[in-house]
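Chemist: So the chains spell out like this:
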Amino acid sequence: MTDQEILARWKEEPAPLLPVLHAFHARDGYLSEDAIRAVSKGLRIPLADLYGTITFYHHFARVPGGLGCPRVCTGPVCVQEGALDILAELAPEGATGMPCSGRCDDPVPVLRGHLTLAGRSAADLVARPAPLPPPAPEGAAECVFRTIREPGHATLAGYRRDGGYEGLARAVREMTPVQVVEAIDRSGLAGRGGAGFPTGRKWRAVAEADGTPKSIVCNADEGEPGCFKDRALMDYDPHAVIEGMIASGYATGAHRGFIYLRYEYPETEDILAEAIREAAEAGILGPSVMGSGFAFDLHIRRGAGAYICGEETSLLNSMEGKHPFPRNRPPFPVTHGFENLPTVVNNVETLASVPHILALGAEWYAGLGMNGHAGTKVISLSGDILRPGNYEVPMGLPLERLLYDWAGGPLEGRTIQAVTMAGLSGGFLAGDDLFVTLDEPAIRARKSFLGAGGIMVFDDSRDMVEVAHAAMEFFAHESCGKCFPCRIGTQRLTERLAGEAGPDAVVAWVDEVADIGYTMKETSACGLGTAAPLITESLMRYFPDAVSRHVTGHGALPMAGPRGTEP
Amino acid sequence: MSTNGTRPTIVLDGEKVAFTPGETVYEAATRHGKDIPTLCYDPRLEPFGGCRLCVVEIEGARTPVASCTAQCQSGMDVRTRSARVEVHRRTLMEMLASENREVEVDELTSLASQEMTELVDRYEARTGRFEGRQSGASRPDDPNPFIMRDYDNCISCYRCVRVCAEQEGDYAISVKGRGFDTQITVEFDGHLKESACTFCGQCVQTCPTGALGDLKALAHREVEGETKKTRTVCPYCGVGCSVDLLTRGNQLIGVQPAMDGPANLGALCVKGQFAFDFIQHPDRLAHPLVRGEDGELHEAGWDEALDRAAEGFLRVRERYGRHSVYGVASGRAPHEAAYTMQKFIRGGFGTNYIDNCSRA
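Protein chains in written order, with this note's numbering: chain A, 8 to 574; chain B, 999 to 1358.
One chain only, chain B, in its complex shape (with noise of 0.2 Å):
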């Protein structure tokens, strides 16, 4: 495979590169910076080789090649954007724009589902030819809060089922039936609450087109303003997911995990993914409350909040001892707010016994 000690290469494009062997054409030629179309890929999962788009030219080979099932052989010589692959790529797109109720969906709808629709552009391929049947039916009666199941826009990619058993190790998804009446589904066509789902998103967030949709974040598709990303990491466990805080103005309007971040690479569970919705609960105290005579609790400023409390905490350390007190914090606070709870129980009372909910 190599020769006089270095690395083998494959011509890409005219241009000498090598590869570690093992690599497949679409990894080398996406690492050397071709954009090779996919719809079907995600990089975290087995190679399936079902959209087709990846397709190039291989020198010796009488027909294109799916760069993405294919490993590179040293000396092969690649062309990723020859005009006849172009072709079948725009062929292939005006297919798709074909069997699709629609081609535009709101950016909300999840991570990866501007995907078709940016090709789409690319290849120009809205010209309505092709039309025909569509394919998928969608479930609008799928009482669940959180995944939108719209199959109209399904182009049978499979990667909400490959990242269900591949990723998550749920095997909540499934392929029903074949060919154009392929339908994805779960287990006897039931609704997902009585499936195996767990509702971790993972699905949603990979769907290309927009099929599967995090109706958390769709809820706030009427928000006003320029949707911002602010990367942070999830607080409910302690994983550390890395997730991208969606927020217009000052409102939260969606989390997305980080195909990134290192302890998930862009997985999450049903709690980091939609489970955000206290933030801007109506019912979340807005101001300190302290308990009057009556025994009631009273709305009260800052200060007279702090004193009391200091006041309780002092008069337990005093009476029963620096151990007296347990600290345990929560994981729907900010990691900041952790900080400052362990800091304060360690440094304030002298005790270790802190603890955080998201230990699990």
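This is chain A alone, in the form it adopts within the complex (with noise of 0.2 Å):
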């Protein structure tokens, strides 16, 4: 495709320019300057502007072949699983690392151009699949993994088969639009992202908005280490996010949707895409879903490698074409999103779990939490545990019946010594707080927080200040620069879990760390910001013999004591 056609394709289309990158990173293995300067011309996009806000992402590759370069998974859980010796060997292939590209349950993703290769060495790698989720345990009751391992259920017919669009029918032919949105919000379905968002307020703040037209917009930019249900989800049963967002779209007046997906997904794309054909080519997509006169259309936006575009604020900037800063809130997306106008932004979880609550009812839904708590959450486990995967856990199921019942427990001799929460965001939860519960209550009251549902588990054997140093490098690698404490923090923060800066003395180490993260808590403009400290808290507060360590350069020491002093 010439330059012309790339552009004439593309420019009358809804948030357009990343579109138009990638087919020009498709077409010529890079973005050179000539087609940086077309697209500048061609989408009227200053060209300092759009030159800097390429380089924010990971996956533009500025020299010629570089697309073609192999990019290997370095995220905790694949360096733990022979990343770095993968990375070493495909080196001359010009192979760089990329953060936790969302493979956990199938170490180690390798990214070559539009294929996942995935395998433990160089060797090994193979495409294949990313895996379903395993077997729920005998009797636990499911909402998005419900028929989710039915053979064939991807694919139009198959979810039809599992009663699929029976809940959007009976939506749109026999609901009103505030009947949906009173059903949602009956269910008690919270934003599954991590932000724990009423999804049925949230919906009707965007139908009660001013201002045309709406979007609904899926979060599938799973960025968050650690993290990979949303990959599952999508792969595995694509036509209930569409469900869910054409519910969305009927509920609130939205007749456009976009799904933001991460770039590390190449096939998933390929799956969504195909099931956008056979909806639309069914009429449940289109300009009359399901005969019901009620129009709605679909787009697939893909990122191109930067974590903070899971931050809702931040998403939209970059399908905007802007350069992804958060915003300033408020004021929200549900007034001013996408384009400045009502959006609503749902992860994908939340989304897939709309269906399941048309068809099977809000109370159904609300009733499979445990304790009170409403519905379920996926968990994406992975690290040091012996069946890895994503699971269905009602809200407020402890967590050692997911970690030893469900899972398998840890590997044969070995002792569970922390996990993550939140993927990375949470920080660490070791010792007695192993007991929790997973519900946001309880993990909140031990200064951490459920987010996005993903845990990384590490043994005995693990090094728990270098798991924290490259927890606090993939923030700082992420962090977007826009806020100081964020920005500068996550460097200090970093260079310090790194033994490369900071005071010898343990008190004056310990005294700079938590300052620098009080105020990135404190005063941090985004999530990022204010999650990132939670790591070297939690550290601090579980292991401080190994942090006295790590500081001193040998053996154990107190906390504060004699040697605990200036230098």
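Misleading hints may appear alongside valid ones.
Sample of chain B residues facing chain A (criterion: CB under 10 Å; computed from the structure) [what the hints assert, rightly or not]: (1) LEU1037; (2) PRO1062; (3) ARG1087; (4) GLU1092; (5) GLU1097; (6) ASP1187; (7) ALA1194.
No lab work stands behind these hints, which were simulated from the structure alone. The C-beta atom is built at its ideal place from N, Cα and C for all residues, glycine as well.
If you follow the hints, you should be able to join the two separate chains into one complex; please do so.
Modeler: Right, here's the structure in full:
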């Protein structure tokens, strides 16, 4: 395709920048200066602005052949599964690392162009589908995984065979938009991307907001290390996401939807595109959804490698072709979202829950939780655990039961030293706090949070300071650079955990790390900066001896004592 | 919003004060004399919310709130200087001091160049805590004669990027990379000359750390004496931008835009900002010259020169009429000279054929 053909293909579509850049990237194998100049001119984006925005994303190659170079996942689980050896072995091919790419249940993923390979060594790398969720224990009641393991479920025929699109059919034919919002409200469904905002309230706000066109955005930028649930949902149940989005559009009066998909899931993009094609062909998407007269169109927008774009306002800026800094709030996306118009931004899991709620009822969903908590949560469990994978647990399940009964416990001869919460953002839980129940209030009481539901397990063979260092390095790598506390704080904490800078007396070291963390938590502009210090905070809380050894370079010392004075 | 026809109020450090709907907490607080620290704030630009120094405590909010982006709401109870926010401000200033090569920069660097230094002092942040790698890479290779690009001292507040886009409309400056590796740059990391930059200097004058500097002014840093500022209007064109001329003794050492200039609000163009060399240029005429019998120009006294000029003018007017003269005043002449010139043409010759190159 010529420059002009690419531009003409996308120019009149909403949110054209990312698809245009991907088209040039795929055509040339990198983004050349000429390509960037053509895009700047074609989409009328100032050249300097466009250049800066492109450099923000990890995966846009700027040298010829760059796209073809392998990218090896160096996420927390993968480095323990041989990622660095693979990286070294593929170095002659120009391999580079990439942050956790969401395949912790089947490490180590390596991206080659539009293909994901996986294996524990360079010689073993094969292209294979990401794993299905492992079977749920006897009697566990599921929502989003209820039908996902049925063969052929990802096709329209299979999805319909399993009861798919029945909820939507009822909604658009028999229910008013207000009734749909009320049903979601009654179910207690809350944002499953981590923020936990009540979905019904969000939809109502968009339904009542002035301004059109409204949009439904599915946040599929699953960038949190240790999280791979949205990939499983989209790969094995793409129509559930589509059905949830259409229902959300119907409930709020939005006629267009966008799936913002993370770069690292190329196969998922194909699966979604095929599902959208099937749905459109069957009249489920398009000018009259299931003959109801309600119109809804769906677009996929692929990210380009930036964790912060999972933050909803960064995501919206990214879609709009702007520098993906988070926006100041208020106003919130429900009134000022995509193109400053009312927008629902929901996580994949949230939207995939909707069809089941519409089909089986709000009360059914609300009743799935334990101890008064509504519904279920998918936990992506990985690391030093016998059966890693995605588990849909009732809200309020004891963590211990998930780790030992559902997932088989630690590896032979090992004990569980610590787990992460919310992927990495919730820091660590260890010791007695491993007896927590999996619901937000219980986990928050332990100074962490459940978030998107990624749990990585570290057994007693792991160096927790090194784990913390790698975690903070990730946050530093992904900090957008907009606000001072996060931009500088993540860097300074990384240097201290690496032993590259900072005091060599324990008390002074702890003081600095605690002061940086306190200011990051209280003044950062978005969740990245406020959550990152949970890593250091929980490290110092659970592993003071390891911290002492790290700072002084020798045996365990008390956190404060005769040696713990200024040098 | 308003009650009983009165303006809505917030409580500001215990005192009830009125606000205008739409006003931010920072604006209301500043209007009431509060000195809230900021580094990413420029009143001419959209609030950005980057530096977080302006955080205040608002009753009911779990954590401090950036006052620059928070709008006043009736009944809000705001504390602008609580111990909690002061602790964060000090930590932030210590963090900032740790990422730059130096905190002290020459006052000639730019109008806003002392902002960071002043806050480092106010928060006693020269503690050396949080040491580590420094951010930003300077561009001493940029050959332009106007703007110093010393990003070793950059704190990524993006005031330069935003003023270039929002005020000047040039979009020449942008942000490369992210996080601690953020780098202020232009397209393809080039030099300013090859970019969309028009050298208006607004980025320089809003830079709070001296990372961007006025090379013309800095060239005079060795000139002795106290710096004096004189407010005047730029003569280069018809807009009427207010400027402050910086002088030491009898020497002009720099030009700074007037943020309160009604026509420009701190904006200038390359000429008004940087083009003042001619005033003290050695090539400038210092004596009248008259053309001799030999056809060459020779130094002469004022009486002789004026007589010769008057004689010539009179002769032309007598022979060709009053409209035979057309006067064009120079934009490089002082306003007083421009005024005298038009008076001379209008009154002296009786013609309206008078113009000024600044009329553009």
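Chemist: Given B:LEU1037 was flagged as interface, is its beta-carbon under 10 Å from a beta-carbon of chain A?
Modeler: holds, 8 Å
Chemist: Taking 10 Å as the limit, does the beta-carbon of B:ALA1194 come near enough to a beta-carbon in chain A?
Modeler: holds, 6 Å
Chemist: With a cut-off of 10 Å on the beta carbons, see whether B:GLU1092 makes it to chain A.
Modeler: Hint holds; B:GLU1092 Cβ to chain A Cβ min 8 Å, cut 10 Å.
Chemist: Under 10 Å is the threshold here; is the Cβ of B:ARG1087 close enough to any Cβ of chain A for the hint to stand?
Modeler: holds, 9 Å
Chemist: Is the hint on B:GLU1097 kept, meaning its closest Cβ partner in chain A is under 10 Å away?
Modeler: At 6 Å from the nearest chain A Cβ, B:GLU1097 passes the 10 Å test, so the hint holds.
Chemist: Can the hint on B:PRO1062 be confirmed by a CB-to-CB distance to chain A that is less than 10 Å?
Modeler: holds, 6 Å
Chemist: Min Cβ distance, B:ASP1187 to chain A: is it shorter than 10 Å?
Modeler: holds, 8 Å
Of the numbered hints listed earlier, not one is contradicted by the structure.
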